[in-house]
Each structure stands twice: as C-alpha cells, then as structure tokens.
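Participant: If you read the protein sequences in the order shown, they are chains A and B.
First residue of the first sequence? That's 1 in UniProt numbering, and the numbers climb one at a time after it.
First residue of the second sequence? That's 1 in UniProt numbering, and the numbers climb one at a time after it.
Note that these hints are calculated values from the structure, not bench results.
Possibly wrong hints are sitting among the right ones.
The list treats identical chains as interchangeable, and a pair is accepted whether it falls inside one copy or across any two copies.
Stated by the list, open to error - No more than 27 Å apart at the CA atoms, straight line, and that leaves these computed lysine-lysine pairs for DSS-like:
(1) 375 / 341
(2) 375 / 93
(3) 395 / 341
(4) 344 / 286
(5) 395 / 132
Bear in mind that the values here come from a model prediction, so they are computed numbers and not experimental data.
Protein chains: 2
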Amino acid sequence: MQFFKVKTVEETFALIDEMIPATQQTEVRELSEALHYILAEPVTAKENVPGFDRSTVDGYAVRAKDTYGSSESMPGFLNVAGEVKMGEVPDVKVGRGQAVYVPTGGMLPVGSDSVMMIEHCEDVEGLLNTYKQVAPGENVIRAGEDIREGEILLEKGVKLRAQELGALASLGITHVTVFRKIKAGYLSSGDEIVPYQTENLSVGQIRDINGLTIAGLASDWNVEVVYGGIVRDDYEEFSQKARELYEQVDCLIMSGGSSVGAKDYTTEVIQSLGEPGVFVHGISIKPGKPTILAVADGKPVIGLPGHPASAMIIFKLFGERILKKLSGEHLVSKPGHIFAKITKNIPSSPGRSDYIRIRLEEKDGEWWAEPIIGKSGLITTLVKSDGIVEISSEKEGVSQGEYVPVILSR
Amino acid sequence: MQFFKVKTVEETFALIDEMIPATQQTEVRELSEALHYILAEPVTAKENVPGFDRSTVDGYAVRAKDTYGSSESMPGFLNVAGEVKMGEVPDVKVGRGQAVYVPTGGMLPVGSDSVMMIEHCEDVEGLLNTYKQVAPGENVIRAGEDIREGEILLEKGVKLRAQELGALASLGITHVTVFRKIKAGYLSSGDEIVPYQTENLSVGQIRDINGLTIAGLASDWNVEVVYGGIVRDDYEEFSQKARELYEQVDCLIMSGGSSVGAKDYTTEVIQSLGEPGVFVHGISIKPGKPTILAVADGKPVIGLPGHPASAMIIFKLFGERILKKLSGEHLVSKPGHIFAKITKNIPSSPGRSDYIRIRLEEKDGEWWAEPIIGKSGLITTLVKSDGIVEISSEKEGVSQGEYVPVILSR
Numbered sequence: 001m002q003f004f005k006v007k008t009v010e011e012t013f014a015l016i017d018e019m020i021p022a023t024q025q026t027e028v029r030e031l032s033e034a035l036h037y038i039l040a041e042p043v044t045a046k047e048n049v050p051g052f053d054r055s056t057v058d059g060y061a062v063r064a065k066d067t068y069g070s071s072e073s074m075p076g077f078l079n080v081a082g083e084v085k086m087g088e089v090p091d092v093k094v095g096r097g098q099a100v101y102v103p104t105g106g107m108l109p110v111g112s113d114s115v116m117m118i119e120h121c122e123d124v125e126g127l128l129n130t131y132k133q134v135a136p137g138e139n140v141i142r143a144g145e146d147i148r149e150g151e152i153l154l155e156k157g158v159k160l161r162a163q164e165l166g167a168l169a170s171l172g173i174t175h176v177t178v179f180r181k182i183k184a185g186y187l188s189s190g191d192e193i194v195p196y197q198t199e200n201l202s203v204g205q206i207r208d209i210n211g212l213t214i215a216g217l218a219s220d221w222n223v224e225v226v227y228g229g230i231v232r233d234d235y236e237e238f239s240q241k242a243r244e245l246y247e248q249v250d251c252l253i254m255s256g257g258s259s260v261g262a263k264d265y266t267t268e269v270i271q272s273l274g275e276p277g278v279f280v281h282g283i284s285i286k287p288g289k290p291t292i293l294a295v296a297d298g299k300p301v302i303g304l305p306g307h308p309a310s311a312m313i314i315f316k317l318f319g320e321r322i323l324k325k326l327s328g329e330h331l332v333s334k335p336g337h338i339f340a341k342i343t344k345n346i347p348s349s350p351g352r353s354d355y356i357r358i359r360l361e362e363k364d365g366e367w368w369a370e371p372i373i374g375k376s377g378l379i380t381t382l383v384k385s386d387g388i389v390e391i392s393s394e395k396e397g398v399s400q401g402e403y404v405p406v407i408l409s410r
Numbered sequence: 001m002q003f004f005k006v007k008t009v010e011e012t013f014a015l016i017d018e019m020i021p022a023t024q025q026t027e028v029r030e031l032s033e034a035l036h037y038i039l040a041e042p043v044t045a046k047e048n049v050p051g052f053d054r055s056t057v058d059g060y061a062v063r064a065k066d067t068y069g070s071s072e073s074m075p076g077f078l079n080v081a082g083e084v085k086m087g088e089v090p091d092v093k094v095g096r097g098q099a100v101y102v103p104t105g106g107m108l109p110v111g112s113d114s115v116m117m118i119e120h121c122e123d124v125e126g127l128l129n130t131y132k133q134v135a136p137g138e139n140v141i142r143a144g145e146d147i148r149e150g151e152i153l154l155e156k157g158v159k160l161r162a163q164e165l166g167a168l169a170s171l172g173i174t175h176v177t178v179f180r181k182i183k184a185g186y187l188s189s190g191d192e193i194v195p196y197q198t199e200n201l202s203v204g205q206i207r208d209i210n211g212l213t214i215a216g217l218a219s220d221w222n223v224e225v226v227y228g229g230i231v232r233d234d235y236e237e238f239s240q241k242a243r244e245l246y247e248q249v250d251c252l253i254m255s256g257g258s259s260v261g262a263k264d265y266t267t268e269v270i271q272s273l274g275e276p277g278v279f280v281h282g283i284s285i286k287p288g289k290p291t292i293l294a295v296a297d298g299k300p301v302i303g304l305p306g307h308p309a310s311a312m313i314i315f316k317l318f319g320e321r322i323l324k325k326l327s328g329e330h331l332v333s334k335p336g337h338i339f340a341k342i343t344k345n346i347p348s349s350p351g352r353s354d355y356i357r358i359r360l361e362e363k364d365g366e367w368w369a370e371p372i373i374g375k376s377g378l379i380t381t382l383v384k385s386d387g388i389v390e391i392s393s394e395k396e397g398v399s400q401g402e403y404v405p406v407i408l409s410r
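Let the hints inform the model, and build the full structure from the sequences given.
Facilitator: This is how it looks when you write it as structure tokens:
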C-alpha cells in the first residue's frame, strides 16, 4: 500500500482547492426556485434600473439652483406648476422658478434635477416657501444609477441570496442558469453500527447517527444526501455498496469502521473507485485525525472518522469546502468565522490544529468564547456549543483574553 | 385616527417580545424531516448514552493502578488475557496484572477502569510492555457520560440543528413533537407596481421584487411564504385582499404603497383586521422609518416600507424576531451579529438608529467593515454587501477603528 504523510490543516485546504473540480452540470431555474443556487454564467443588465429618474421622497421637483440661499430665516419662493402622479409620465415641466409635487417613487418632470422634501417647504396657495437649499441630484435616483444597461450585474459562481434574486427581478429576469444541486451519497460502516431506529440495543451496539447529522449539515449548504445504509466490516460487501452508491452521486461520504481491519480497507475501497484516488490520508488535527480525502474520476470521496462529534467537525471544516467547490461556488473569504476572546488558557501541540467546542457570551460589546468541558467523543458537547474555536498548527495554545477565530454552528 | 409616537429600535424590540404570541400548533415529525424545526416539548433521555463503558482508542483495557510508574526507560509488564471484539460483550475479565485488547468503540471488560493506547505499549508474545502510566477513566467514555437516563436532553423551544438530531438519534428517538412550520402571507400594494415577470415596463412602473426577497429571507428562517399578489391603491380592494390572505396564514406581511393616500389606508386596513391592532407605527431608524407592526387576533401583521432595500433591512431586523417568536423558538442572544472595526468615520443623528451596508475584509486577524457607497434605495448596495452595521440610537456616529456590531446577510 501507498505511504501517506499526515497533512496539516493548511495543506489539506490547499489540496482541496487544487484537487476538487467544479461541476459542469447546469440547469435553468425559475427565480422563485433559485434561492441558494450558484450562477453558472454571468448576468448582464439588459436595461437601466431604475428606468427613469425617480424621487426617493415625497416632495417638490425643482432646479437645485433655484433653491440656493434658502433657509428657515430667509425662505425662497417657487411657483407650484403642477403634480406628478405615481406610475404616470408627468405632463408638466419644471421651468426656472417653478416646482412640481412628486411622490416617493414618482418620475421626475423634465427640467428638474432634484427634489425638496415636503418637510422642508410649504405650499402657500400655489407659492412654495423653501426653507432649505438642495443640491443637484438630491433625493433623486437617476435612471441606471442602481443597475446600468450592459454592465455585468452578477458574476458566474455567485450564490443567489435574497438580494441577488431581488436585483435579477428588478431587471425582469425570470429564469437563471445555475449549477445543478449536488447529490452526495452517505454510507456508514462497522459491525457495531445499527440503524438509529433500533429500539433496544444489544450490548456493544451503537446507533448510526452520522447519516442524520451529515445530511443536516449538507442541507444547509444546498446539497442533497442519499442515505446508503450501513455496511458490515467485510471488504467485499463494503466495496460493492460503495461502488453502487458512488455511481449514483456526485460525491461519496462515508464514516469509517473503527476496528483496525476496517480502517485498512476503507482506504482500499476508496482507492478502487477511480483515479487519482486518495490525496489526504490523516490530518494533523484534534479531533479527527483519521480523515481520508480522495477524488475518483472527478468525484470527491470523503472518509470521515466514525465518532459522531469528530465526524461533524471534520465535515464542517473540510466537507463544506469540498461541497462548495464542487457546487461551482466562487469561494471568498467571507465570515465562515467570527472572532471572540477566549475565557481560558488552552494548551495545544504545535504542528497540530485543535478544534475546541465553545459557548459564546456577549460581554462589554464583545463575544467571549467559553470552552465546553467534556471528552471529544460526546455528542452533547456539540449540542451545548455555539461553535468551535480553531487553534492553528503554528500555535502552542492560546491565552485567556486572546482573540480566536470561531466557526459558528447554527 | 389614533395618534402614534415614533418608537426607537430598542422600544420596538421590547414591544415585539411583549406582543407577539408563540404558536400553539404542534405536529409530530420523523427525525430526518425535523431539521430547523422548534421542539414543542422537552425531551427526556430514556436510556444512558453510551449504554456501556466504551474505549475511545485502540489499546489495552487495564487497571490503572497496575500501570503506575511505567515509563519509556522503566516499562511495566502485564499479561495479555484476551481480546474484545467490536459489538460484542467481552468474554474475558481483567484481573490484577492483566490486560485485554480492545478496539476503539469496544466495550470495557469487567475489572478494567482505563485503556492504554497501542502507541504506548507493546505485546511481546503475550507479555504487554507498558511505556506510560494511565489514570483511572483514561481513554474511556463511561456509560451515561454523554447522556444520562432521566435527564432533560433538550428543552422546549430549542431549534433542531444537525447536532440535536444526532443526540436524539443516539437515544433511538425517531419522532419529535415540534411546532408547525409558520406560514406567512405577502402582499404588495401600489399603482406603480407590476409583476416582476413583466417584460417591458411602461414609464413610471416598477417591478415587484419584495415578494421574492421577503420569501427568500423567510425561507432561511424555516417559514413558508404565500404570495398574495399586488393590490392597487384602492381601499376596498386592498382591504378585501388583505383580509382573504390574513385568513389563510399565521402572519401577514405587506409592503406599503408609497403615495400619501396609500400610506394612510395601509394603517386603516391593518387596524380593521383585528384586536389589539397596531403597536408600532414609525420607527426612528434609517432606512425604514415608515414601518408598521401589529397583532390582529393573535396573528402578527408587518407593514414594510415599499423600497426593496429598506424592506429587506426592516424585515431582517424585526421580521426575523417576530417570526422566530411566533415559531415558538426560545430566543437567546446568540450571534445574529459579529463585531468588526469600521474603516471610516460615520456621523449619525442621536435618537435614531442607522443601518449602514458594509463589505467585510479580514486584516490582521480581525474583521473590518467597509461602508458601501450608494443611496439607500439601491438594491445593488445590498448585493455588494456582506451585512449591515448598526449605529444605535444613543450614539452620534462611530469613529474609524471603533468596534461595531454587524448583522450578517448570507
């Protein structure tokens, strides 16, 4: 068997970025069904938004110049020449010394360049007393100021949040070309593992909970998980089930059997699926060292530790990155983490990244991270936690009051 | 008409907490369909997790006392008395001076109290050389150490994340009683508003994008939105459509017509729906002052500003709180916000809360918030933003380098 050197967390991320391909499969979706999908091609604006110069307040459209010098003590005077109705083209113009009423969202009449808010003037029988001056463009959104015709509104690889859908809708775009939703297969292995629906456990048995937790996390990343069941510690059965599931999905995830023999053939099974195979075998990380990452003929394969808590942490750290890369998302360093001050000294071995479960508390306008006591195998420590603190491999621990990055779990 | 005093943001939150009821409607869901639902009753553990003393490593089950004094230079010696198989009850005991092999996850044999990792000992023809000492309980998770029989595992009002599902599954719980998913109705009003599918706009028309953005945000909070369409600036039509939609849903959301007349009867329509009616009419906030909040016969009603960007910000701030309260979620002050340093001085009026769109950048292990230039009516400023910075009402702005709370938009 090939010899693998344990990788640092930093090396692992670099390898993921290098090895994991983005999906090429796209589909066209209606805007109302496209939330959280990834754009597969850039979107160019076909028209200006807004399509016309628009008032942002209820007020009077004026020529800014005509208001210069107006103040509470020395009001200016303009002649009210008419009114603009919502959703209609104004039938009046604004000449020198004139003002025309315009509601919020209404179209500016020809001749005007700004709007004076109704709070800053008073219509006294057709004579508008102006108590302030306005600058050209004040209280107006110009045609094309939000989105200009011909400009690229959204780049390929952008994740569609509510505001991106809104911007697309404002252009009258009803359908978008996005990358197809990724389908991941999940398989548990181990003689001791039984379905979580098992009511009474025999001694030594453990319910399979990774299938649920992994699917839960993946669904937050807009990935569908197909549950492939539990395989026994038997190479032939394991290999065949893994192959069957692999054929149906874009990415295969398994959580390893914990016996020594099982550990060995998990790697063999993964290697057998396709080229180039395993690129990470063991990460210098606590918890989660026995992690395997591979690519088999263009499909990522993730071998998670069997321990539920370790499996969740590893999947959150590396699985999220792999699945987002595979989904075609353009990855930017946006807050997957926040910074908090740690409440206690925590020692750590240099050369290894440690991930500590913490609870967050706000004190004096800052977040403090309180480590949760308990062995790393306990799922309840994750239930009690708001996130995990990373102590990176070049550090020998962190000191009380130090800023630490916290990966949130919600 | 009743007279309403503009509320501060802080007063508005306090009123929401006081006025919005939690739903009483529950349902039973299968665990795999319960992600992001809110528990409607506490869950008590019916058994211990784990059900037996379990090894967390591959190693040898021993009596800790027998290893005291062992070291690299002065190894101790134990007799290997057998082996524990995964998922099976050990058929051997550990007597004084004995050791039994046990795999990760295996059950501890009677007589042992700790496990020595294989890395720290060596089996030489049945004689185990021990190079380290172990403490009682080392590398062992005791029966009930993760979850103890009879204890309350999860409280009512807890939101089920992946780890909560995992903890429930570890107990063999397959179904949970949760609060039913909230259904919210959304209605746009205004003569100038047309469906976003409208290909060519007449001058003065604006596409309805709030329906999409509001539904997008709500779906992130596990709330379903029923789109009720667009109503014209006509009291009778508005009132009737609002009533019809209100009858079908748990919460009614509308974004207001922007003409002066429409503003008036939005309030009237809301007041007509039921008691006690409007409790916030105008918030001292920028953007989004003309916000209306009400409760009509137990159902929240939210009147948003018509401007898409303002509507999104107001809905994120107050709508999320209202819908979470209504969903039965036990609200805790967990990171809805992060802290970042602001890159520029920003002035603000005391007595008013300002929300500034920002882009986040990481510099020297901290997040910096860079304000996005652009008028508040522009949807593209939200597209470019990673979140919004709050400048609370008691402040007269913020200074460059100051820590500010950032509400993330993902």
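Participant: Each of the hints needs a verdict: does it hold here or not?
Facilitator: Now for the hints, and whether the structure bears them out:
{"no.": "1", "hint": "375 / 341", "result": "within (22 Å within a copy, 35 Å between copies)"}
{"no.": "2", "hint": "375 / 93", "result": "between (76 Å within a copy, 25 Å between copies)"}
{"no.": "3", "hint": "395 / 341", "result": "both (16 Å within a copy, 25 Å between copies)"}
{"no.": "4", "hint": "344 / 286", "result": "within (18 Å within a copy, 40 Å between copies)"}
{"no.": "5", "hint": "395 / 132", "result": "between (60 Å within a copy, 26 Å between copies)"}
When each numbered hint is compared with the structure, no violation occurs for any of them.
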